[in-house]
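**Student:** Please build the complete structure, drawing on both the sequences and the hints.
2 protein chains.
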Amino acid sequence: MQSFTELSSLFETTFNTRHFPTHTATLYDPAQYILQLGGKRVRPVCVLMGNELFGNIIPDAYHAATAIELFHNFSLIHDDIMDKAPMRRGMETVHQKYGESTALLAGDVMFVRAYEYLNKIQVNNLQKVLHLFNETAAAVCEGQQLDMDFEKRASVKLDEYVAMITLKTSVLLAASLQLGAILGGAGEGNQHHLYEFGKNLGIAFQVQDDYLDAFGDPDKFGKQVGGDILSNKKTFLLIHAMETASAEQLLALQQLMKENAPDKVQQVTQIFKDCKVDYWAKELKKKYLQTALQHLEDTAVISVRKQPLMELAAYLIQREY
Amino acid sequence: MQSFTELSSLFETTFNTRHFPTHTATLYDPAQYILQLGGKRVRPVCVLMGNELFGNIIPDAYHAATAIELFHNFSLIHDDIMDKAPMRRGMETVHQKYGESTALLAGDVMFVRAYEYLNKIQVNNLQKVLHLFNETAAAVCEGQQLDMDFEKRASVKLDEYVAMITLKTSVLLAASLQLGAILGGAGEGNQHHLYEFGKNLGIAFQVQDDYLDAFGDPDKFGKQVGGDILSNKKTFLLIHAMETASAEQLLALQQLMKENAPDKVQQVTQIFKDCKVDYWAKELKKKYLQTALQHLEDTAVISVRKQPLMELAAYLIQREY
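These protein sequences, in sequence, are chains E and W. Its first residue numbered 1, the first sequence is counted upward by one per residue in my numbering. Its first residue numbered 1, the second sequence is counted upward by one per residue in my numbering.
Treat the hints as calculated values from the structure; they're not laboratory data. Careful, some of the hints might be misleading.
Said to hold, decoys possible - With a straight-line Cα cutoff of 25 Å, these simulated BS3-like cross-link-like pairs (lysine-lysine) come out:
| # | chain 1 | residue 1 | chain 2 | residue 2 |
| --- | --- | --- | --- | --- |
| 1 | W | 233 | W | 306 |
| 2 | E | 84 | E | 120 |
| 3 | W | 97 | W | 40 |
| 4 | W | 233 | W | 264 |
| 5 | W | 157 | W | 40 |
| 6 | E | 152 | W | 220 |
| 7 | W | 128 | E | 128 |
| 8 | W | 286 | E | 120 |
| 9 | E | 223 | E | 97 |
| 10 | W | 306 | W | 152 |
| 11 | E | 276 | E | 84 |
| 12 | E | 157 | E | 264 |
| 13 | W | 223 | W | 97 |
| 14 | W | 233 | W | 223 |
| 15 | W | 84 | E | 97 |
| 16 | W | 157 | W | 282 |
| 17 | E | 40 | E | 97 |
| 18 | E | 84 | W | 152 |
| 19 | W | 264 | W | 306 |
| 20 | E | 128 | W | 120 |
| 21 | W | 128 | E | 120 |
| 22 | W | 40 | E | 97 |
| 23 | E | 152 | W | 84 |
| 24 | E | 258 | E | 276 |
| 25 | W | 97 | E | 84 |
| 26 | E | 233 | E | 306 |
| 27 | W | 220 | W | 233 |
| 28 | E | 84 | W | 233 |
| 29 | E | 152 | E | 264 |
What the hints assert, rightly or not - Chain E is nowhere near these chain W residues, computed Cβ spacing over 10 Å in every case:
| # | residue |
| --- | --- |
| 30 | 108 |
| 31 | 111 |
| 32 | 220 |
| 33 | 270 |
| 34 | 287 |
Remember, it's a predicted structure, so these values are computed and weren't measured experimentally. Here a beta-carbon is modelled for each residue, glycine too, at the ideal position from N, C-alpha and C.
**Tutor:** Put into C-alpha cells, the structure is as follows:
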C-alpha cells in the first residue's frame, strides 16, 4: 500500500513526458503547456488508489490515470475560455497565451489523446471503462452548463447547487476511484461504495472551498479571500444565508450584491456570521465527510488497505474546524 | 448493393431521433439543434458503403456512422465559433443562437456522445475502430489549426495547402470508408485502398470547391461566388496564381489583396484566367479523381459491388468540366 505522496510521484514519473507529436507545434505546444503547469494530480492518483485497494497496480491503471488527467486538463482549458480567466496556477491560461481558437482546439485534441490512452486498456475491461468515462465526461459538461445557468438566475436552491457541484467536480473524483476499482478487479458493490466515497468527499471539499473563501486564513488560502463574495457567486454560504436570513438581513444582502461597497466582503461575512452560516457549513462538510467515510468503511476490503484513502480524505479535508 | 440515396435515407431513419437526454436542456437542446439542420450525411453514408462493399451492413456500421456524423457536427460547432460564422445551412450557427460558451460545451458533449456510440461496437473490432477514429479526430484538429496558421502567413506553398486540406476535410471521408470496411471484415490491403479512394476524392472535391468559388455558375453554386477572393483566402487557385504569375501580375494581385476595390472579384478572376489557373485546377481535380478511382479499381472486390462508390464519386465531383 502506497501513500498519496508515493503514488503522486510514481504517476508524475510516467506522466512527465510530452503527450503530443512534435509536428503541428502551433496546436500541440499549447496543449503540452498546461500539463507542465503542474497541479496535485489528485484524480489520477485516485485511479491508482482505487486499483491498489483491491490488488497490485496494473499498467492499465496508469493508462486510465493519464486519460483522467488529460480529460481534467481539457476541461480546465475550455472552462478558462468560458470564464475568461487570465491566470491559472500563477501562469497565463492557454487562451490568454495562445488565443481562444487555438485553446479551444488544444482542448479538443487533448480530449482525443485521453481516449487514445483509454484505448490501450485490455479489451476485457475496455467497454466498462469507456462507458464510465463517457458518462463522467458528459456529467462534467452538464455541471459546467448548470453553473453558467445559475449565474444568470436570481436565486438557486441548495439541492440544485449540490446537484451542480456533484456533476461539475465530484463525479470525476468518484469515477477516478471507480475506474481504478474496475481495473483492480473489484465487484460492483465495492465499486459503488468507492464511487460514493469519492462523490461525497468531493462535495465536502467544495463546502470547505466555499467556506474558506469567506472564513479562510488569508495567509493559508491560495485564492483571494472574499473572491466569491465580490462576484456574487452563489456558493453554499450565500445560498444558505439567503434561505435563512430575516427579511431585514435579506434586504441588506441584496443591497450589498447590487452595489459594490468597499467593505462588501466584511459586511457580507458579518451577515453570514449573524445567520450562523459558518457553523452550518462546518456541519454540512462534516455530514458529507462522514457519508464518504461510511462508504469507505462499507467497502469489503481489510482495513489496512484503506489507509491511503483515509489519508487522502484527511489531505483534502482539513479536520481542524 | 444500395445507392447513395437509399443508404442516405436508411441512415436518416435511424439518425433522426434525439441523441441527448431531455434534462439539462440548456446544454442538450443546442446540441440537438445543429443535428436538425440537416446536411447530406455524406460521411455516415460512406461508413455504410464501406461496409456494404464487403458484405451485408451490420448494426455496428450504424453505430459507427452515427459516431462519425456526431463528430462531424461537433467539429462544425467548434469551427463556427473559431470562424465567427453567423450562419450555417441558412440558419443561425449554434454559438450565434445560444452563445459561445454553451456552443463550446454543446460541441464537447456531442463529441462524448460520438464515443458512446462507438462503445456499442462489438468488442473484437472496438480497439481498431477507436484507434482510427482517434487518429482522424486529431488530424481534423491539426488541419483546422494549420488553416488558421495559414491565414496569418503571407504565402502558402501548394504542398502545404494539400496537406492542410487533407487533414481538415479528406481524412474524415477516408476514415469513414475505412471504418465501414473494418466492420465489413475487409483485409488491410482493401482497407488501405478504400482509405486512399476517400482521401483523394476529398482533395478533388476541395479543388472543385475552390474552383467554383471563382468560376462557378452563381445560380448553381450554393455560396457567394468570389467569397474566397474577397477574403483573400489562400485557395488552390490563389496559391497557384501566386506561384506562376509574372512579376507584373503578382504585383497587381498583391495590390488587389491589399485594397478592396469594387471590382476585386472580377479583376482577380481575370488574373487567374491569364495565368491559366482555371485550366490547371481542372487538370488537378482530374488527377486526384483518377488516383481515387485507381484505388477503387485496385480494391479486391467484384466490380458490381463498387457501383455505389462510383456513383458517390460522380455525385461529389461534377464531371462536365
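**Student:** Could you run down the list of hints and mark each one as holding or not?
**Tutor:** Each hint tested on the structure:
no., hint, verdict
1, W/233 / W/306, "violated (36 Å)"
2, E/84 / E/120, "violated (35 Å)"
3, W/97 / W/40, "holds (22 Å)"
4, W/233 / W/264, "holds (13 Å)"
5, W/157 / W/40, "violated (32 Å)"
6, E/152 / W/220, "violated (45 Å)"
7, W/128 / E/128, "holds (17 Å)"
8, W/286 / E/120, "violated (41 Å)"
9, E/223 / E/97, "holds (21 Å)"
10, W/306 / W/152, "violated (42 Å)"
11, E/276 / E/84, "violated (34 Å)"
12, E/157 / E/264, "holds (23 Å)"
13, W/223 / W/97, "holds (21 Å)"
14, W/233 / W/223, "holds (15 Å)"
15, W/84 / E/97, "holds (20 Å)"
16, W/157 / W/282, "holds (19 Å)"
17, E/40 / E/97, "holds (22 Å)"
18, E/84 / W/152, "holds (24 Å)"
19, W/264 / W/306, "violated (44 Å)"
20, E/128 / W/120, "holds (11 Å)"
21, W/128 / E/120, "holds (11 Å)"
22, W/40 / E/97, "violated (38 Å)"
23, E/152 / W/84, "holds (24 Å)"
24, E/258 / E/276, "holds (23 Å)"
25, W/97 / E/84, "holds (20 Å)"
26, E/233 / E/306, "violated (36 Å)"
27, W/220 / W/233, "holds (21 Å)"
28, E/84 / W/233, "violated (30 Å)"
29, E/152 / E/264, "holds (21 Å)"
30, 108, "violated (5 Å)"
31, 111, "violated (7 Å)"
32, 220, "holds (32 Å)"
33, 270, "holds (34 Å)"
34, 287, "holds (26 Å)"
Checked against the numbered hints above, the structure breaks hints 1, 2, 5, 6, 8, 10, 11, 19, 22, 26, 28, 30, 31 and satisfies the rest.
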